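Top line first, the protein sequences correspond to chains A and L.
Counting with the numbering used here, you get residues 167 to 278 for the letters of the first sequence.
Counting with the numbering used here, you get residues 14 to 123 for the letters of the second sequence.
There could be a bad hint or two in this list.
[As the list claims (entries may be wrong)] Derived CB-CB ranges, DEER-like:
hint	chain 1	residue 1	chain 2	residue 2	range
1	L	S93	A	S233	41 to 51 Å
2	A	S184	L	S93	47 to 57 Å
3	L	Q55	A	Q188	16 to 26 Å
4	L	S93	A	S262	32 to 42 Å
5	L	A29	A	S246	49 to 59 Å
6	A	S184	L	A30	42 to 52 Å
7	L	H22	A	A271	39 to 49 Å
8	L	G75	A	P249	14 to 24 Å
[Stated by the list, open to error] Simulated coverage check for chain A against chain L, where a stretch passes if three residues somewhere in it have a Cβ under 8 Å from a Cβ of chain L:
hint	segment
9	194 to 208
10	265 to 272
Since the hints were made in silico from the structure, they are not lab data.
Everything numeric in this text was worked out from a predicted model, so none of it was measured.
Quick reminder that beta carbons are idealized off the backbone N, C-alpha and C, glycines included.
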Amino acid sequence: NAGVTQTPKFQVLKTGQSMTLQCAQDMNHEYMSWYRQDPGMGLRLIHYSVGAGITDQGEVPNGYNVSRSTTEDFPLRLLSAAPSQTSVYFCASSLSGANVLTFGAGSRLTVL
Amino acid sequence: AQSVSQHNHHVILSEAASLELGCNYSYGGTVNLFWYVQYPGQHLQLLLKYFSGDPLVKGIKGFEAEFIKSKFSFNLRKPSVQWSDTAEYFCAALGDKLIFGTGTRLQVFP
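Excised from the complex, chain A in its bound form (with noise of 0.2 Å):
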């Protein structure tokens, strides 16, 4: 099925650990973005990349890096997770930036 897929969708992580969000899209979007979404913030964008090879940040990147080796795949990295971090993850893409996202499921993170 055509989309964005996220992995994992549930992950439950120490303080201090690091861990790899993946996404991957199928539609050959140059488009792809991370956000996180907290109670009462909305969605704050983290990293965005309109190309491989190419990433820049967002609203709130800090503890947090990318990579976009392939169009394909746009992977979202915590090097030591820090209990602020609990959030839900929703990654997304689109043809350009300026169209319409399509949005992977989320992936639930709680950091202990």
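Using the hints provided, position chain L relative to the given structure of chain A.
Showing chain L alone in chain A's frame:
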């Protein structure tokens, strides 16, 4: 800096009532505007969008929004809500990046 403000955090309505959700943005250039909806347990879906042309845009499920450039606003409206409209609604503005507002939780009671 680019930003989006949604003034109504939580709205409670009875079925058949009219709805208007406020959205204001700030950005120094041309923006594309969106309303997304998140039904309980689901991920975000596009409700409607404005890129250019007629400032009154119609979306799915009877929703519409009006772009008023002088007020930097893009308010969402629906003449008669249904119980199935219970969801969280997000306004978003695309300037140099896509920024979302904090969302409005709508509860519709039968």
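So, going through the hints one by one against the coordinates:
{"no.": "1", "hint": "L:S93 x A:S233: 41 to 51 Å", "verdict": "48 Å, holds"}
{"no.": "2", "hint": "A:S184 x L:S93: 47 to 57 Å", "verdict": "50 Å, holds"}
{"no.": "3", "hint": "L:Q55 x A:Q188: 16 to 26 Å", "verdict": "21 Å, holds"}
{"no.": "4", "hint": "L:S93 x A:S262: 32 to 42 Å", "verdict": "36 Å, holds"}
{"no.": "5", "hint": "L:A29 x A:S246: 49 to 59 Å", "verdict": "52 Å, holds"}
{"no.": "6", "hint": "A:S184 x L:A30: 42 to 52 Å", "verdict": "49 Å, holds"}
{"no.": "7", "hint": "L:H22 x A:A271: 39 to 49 Å", "verdict": "25 Å, violated"}
{"no.": "8", "hint": "L:G75 x A:P249: 14 to 24 Å", "verdict": "42 Å, violated"}
{"no.": "9", "hint": "194 to 208", "verdict": "holds (count 5)"}
{"no.": "10", "hint": "265 to 272", "verdict": "holds (count 6)"}
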